[in-house]
Amino acid sequence: MILQKSYTKQFIALSFVLVLLLLINISFGSVSIPFSEIIDILLGGNSSKSSWELIILHFRLPKAITAILVGSGLAISGLLMQTLFRNPLAGPFVLGISSGASLGVALLILGSGIFGGVLATIAFSNWGLAIASSLGAALVLMAVLVTANKVRNTMSILIIGLMFGTVTSAIISVLTFFSDAEKIQQFIFWSFGSLGNLSWNEVLVFFIIYLVGILGLLKVIKPLNTFLLGENYSKSLGIDIKKSRIIILLITSLLTGVITAFAGPIAFIGLAVPHITKLVFKTSNHKTLLPAVAILGAIVLLVCDLIAQLPTSEFTLPINAVTSLFGAPVVIWLLIRKKKIYI
Amino acid sequence: MSIKKHILETKSLAVGYQQKKSVAIIQQDINLQLLAGEFVTILGKNGIGKSTLLRTLTKVQEQISGDVFLQQKKIQSYSLKELSTTISLVLTEKLPESQLTVFELVALGRQPYTNWIGKLQENDIERITSALKLTETDDLAQKHFHELSDGQLQRVLIARALAQDTKIIMLDEPTAHLDMHHTIKIFQLLKKLSKETEKTIIITTHEVNLAINAADQLILLTENNVISGTKDELIASDSFNALFPSDIVNFNTSLEQFIIKKN
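Heads up: the protein sequence lines correspond to chains A and B, in order.
Take 6 as the starting number for the first sequence in our numbering and just add one per residue.
Take 976 as the starting number for the second sequence in our numbering and just add one per residue.
If we strip away everything but chain A, and leave its shape as in the complex, we get:
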């Protein structure tokens, strides 16, 4: 009797696709660079043109790495939320974290127009945006954690998260109403999402925070699997529900917080990639699902980024639009074919 399915083959294939896409992603851009040169540069060799080296090492590579971190982080967060809330419609943004981040950024950008002064100078730096959105996300996170400790019902947390989201959106609307067109445009550009523009220092900070979240996952693989049976069974298997819930919320907030801070609110990935993964792998075991959604999330975002660059053209589409335009039909198609959806 084969007791447990092994997914080694699938993982090898997916990893291969990931590496391939990483190379393809780096190869395309508004400046065309021969593939052999790209390999040389990546391997630390010298390129015939120093500008190519600059483009690859300081623009395309950090962007591709950002795409991998963002894609995998959002997919993992989405999976966590779907399991925690036992709701297939949950995604990384249900807790209102991204609304919080948006609020932070809106206060900074739009507020700089209204209040002027120091805000205005900060508003135009990457760090300023990242810090503002982190603060906003952290604020909502704290509110969610405090209420999560107070309410016993997990579903209430879901609704409370939605309410926080609504309130922050409303505040943003008010701010927008009092702002001038230029500021509003700047805010809208931020909300399109962007994988580029990160320096290596920023990528490093991003990676460290991302890693803390990923390490946290090791604590919750077992509880996550028992959550598949519902909270009562989970408790009877010796799981401290409240503690696991807090850890899961913390990981999700950390990941979505840092992602929104550095790349803006990127839609679709967190909701859809877990579903695509479950349809492909046909399992609910988090020991398999967590690494699988991470790799697939990275792959999907690399593909979306490739499409957004509109290869051979000078334009770049907003990544947020591409993820939804490209992704939603894929999920609809998958669901129509497979007919059933699981948490």
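The hints are simulated quantities; they were obtained by calculation from the structure and are not laboratory data.
Nothing here was measured: the structure is a model prediction, and the numbers come from that model.
Where is the CB? At the ideal position from N, CA and C, for every residue including glycine.
It is possible that part of the hints are untrue.
Here are the simulated distance ranges between beta carbons [said to hold, decoys possible]:
| hint | chain 1 | residue 1 | chain 2 | residue 2 | range |
| --- | --- | --- | --- | --- | --- |
| 1 | B | K1166 | A | D245 | 30 to 38 Å |
| 2 | B | E1097 | A | S318 | 53 to 61 Å |
| 3 | A | D245 | B | T1067 | 19 to 27 Å |
| 4 | B | S1054 | A | V285 | 49 to 57 Å |
| 5 | A | R157 | B | A999 | 49 to 57 Å |
Facing chain B, from chain A, some residues (calculated, C-beta under 8 Å) [claimed, not checked]:
| hint | residue |
| --- | --- |
| 6 | S20 |
| 7 | I226 |
| 8 | L234 |
Heads up, simulated DSS-like pairs for lysine-lysine below, C-alpha to C-alpha not over 30 Å straight-line [unchecked claim]:
| hint | chain 1 | residue 1 | chain 2 | residue 2 |
| --- | --- | --- | --- | --- |
| 9 | B | K980 | A | K248 |
| 10 | A | K224 | B | K1094 |
| 11 | A | K247 | B | K995 |
| 12 | B | K1118 | A | K224 |
| 13 | B | K1069 | A | K287 |
| 14 | B | K1206 | A | K240 |
| 15 | B | K1034 | B | K1049 |
| 16 | B | K1020 | B | K1056 |
| 17 | B | K1056 | A | K10 |
| 18 | B | K980 | B | K1094 |
| 19 | A | K240 | B | K1166 |
Following the hints, complete the assembly by docking chain B onto the known chain A.
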């Protein structure tokens, strides 16, 4: 009489709900003494406190007063982890939809014993396969649990509880969705398991006639009190008739069954 140690005992236990200002007591003065290997059924009409009692015996809910002893130790002193290796549960609630296979579902019963990532050791796999065999679900192992019929699923849930390797298994209305054939099969299975594995199996049920004939000990929850004993003891004390209002069903002593009253 040989001295057998009680696996589960209650002393002047009162169960109910602690409200903000008042206390709603549902049943009180409950004194139970359950032995290893006993098949115990909790009977009573709807809303009389069967589930409340079960929840209190499993520490899901705090008792109002009195004590619950698990293996001579107060239940309050058990940590969640210790409790998970002493009592396992089969609940009535529907499982959330997921793609767990029967094997994975049963394997979750080994969680209290596995390492941080839930890796199954040889011993765990042995327990799981023996649980599948005992419940005759081994041929379903690779199916997804959502493909099963209600009767099969119930047996798989019992296998999961068996795999948890606890001295006590508690089941809340394990035959609620089953037809007569599968209901009787579950009763036979539970009775058999209690004898073969020396586990104390406690169920709440509305299948009074089956329970009367299968149980080693019955716990009757009535409007006035909680009585427990063997079938014969309860017949001798004429306790069964207190179970339901007398206008529709009555207990027939010679048939040892409840029968519907004829007009």
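Hint check:
1. Between K1166(B) and D245(A) the C-beta distance comes to about 35 Å, which sits within the given range of 30 to 38 Å.
2. Between E1097(B) and S318(A) the beta carbon distance is about 59 Å. The supplied range of 53 to 61 Å therefore holds.
3. As the Cβ distance of D245(A) to T1067(B) is approximately 24 Å, the hint placing it in 19 to 27 Å holds.
4. The supplied range of 49 to 57 Å is broken by S1054(B) and V285(A), whose beta-carbon atoms lie about 39 Å from each other.
5. The hint said 49 to 57 Å for the Cβ distance between R157(A) and A999(B), and at roughly 18 Å that hint is violated.
6. With a cut of 8 Å, the hint placing S20(A) at the interface with chain B is violated, because the nearest CB-to-CB distance is about 20 Å.
7. This hint holds: I226(A) has a C-beta 6 Å from the nearest C-beta of chain B, less than the 8 Å allowed.
8. With its C-beta approaching chain B no nearer than about 6 Å, L234(A) sits inside the 8 Å limit, and its interface hint holds.
9. At roughly 36 Å between alpha-carbon atoms, K980(B) and K248(A) are farther apart than 30 Å, so this suggested pair is violated.
10. A C-alpha spacing of about 14 Å is found between K224(A) and K1094(B), which places the hinted pair at or below 30 Å, so the restraint holds.
11. A hinted pair counts as satisfied when its Cα atoms are at most 30 Å apart, and K247(A) with K995(B) qualifies at roughly 22 Å.
12. The straight-line distance between the Cα atoms of K1118(B) and K224(A) is roughly 29 Å, inside the 30 Å bound, and the hint therefore holds.
13. For the given pair, K1069(B) sits about 21 Å from K287(A) by alpha-carbon distance, which is consistent with the 30 Å threshold.
14. Only pairs whose Cα atoms come within 30 Å are accepted, and K1206(B) paired with K240(A) is rejected, the gap being roughly 34 Å.
15. Taking the CA atoms of K1034(B) and K1049(B), the gap is about 11 Å. The hint holds against a cut of 30 Å.
16. For the hint linking K1020(B) to K1056(B), the alpha-carbon distance of about 33 Å lies beyond 30 Å, and the restraint is violated.
17. Restraint check for K1056(B) and K10(A): the C-alpha separation of about 29 Å stays at or below 30 Å, so the hint holds.
18. Taken as a hint, the K980(B) and K1094(B) pair is broken in the structure, with Cα atoms around 35 Å apart against an allowance of 30 Å.
19. Straight-line distance between C-alpha atoms of K240(A) and K1166(B) comes to about 26 Å, which keeps the hinted pair within the 30 Å bound.
The structure fails to meet hints 4, 5, 6, 9, 14, 16 and 18 from the earlier list, while all remaining hints are met.
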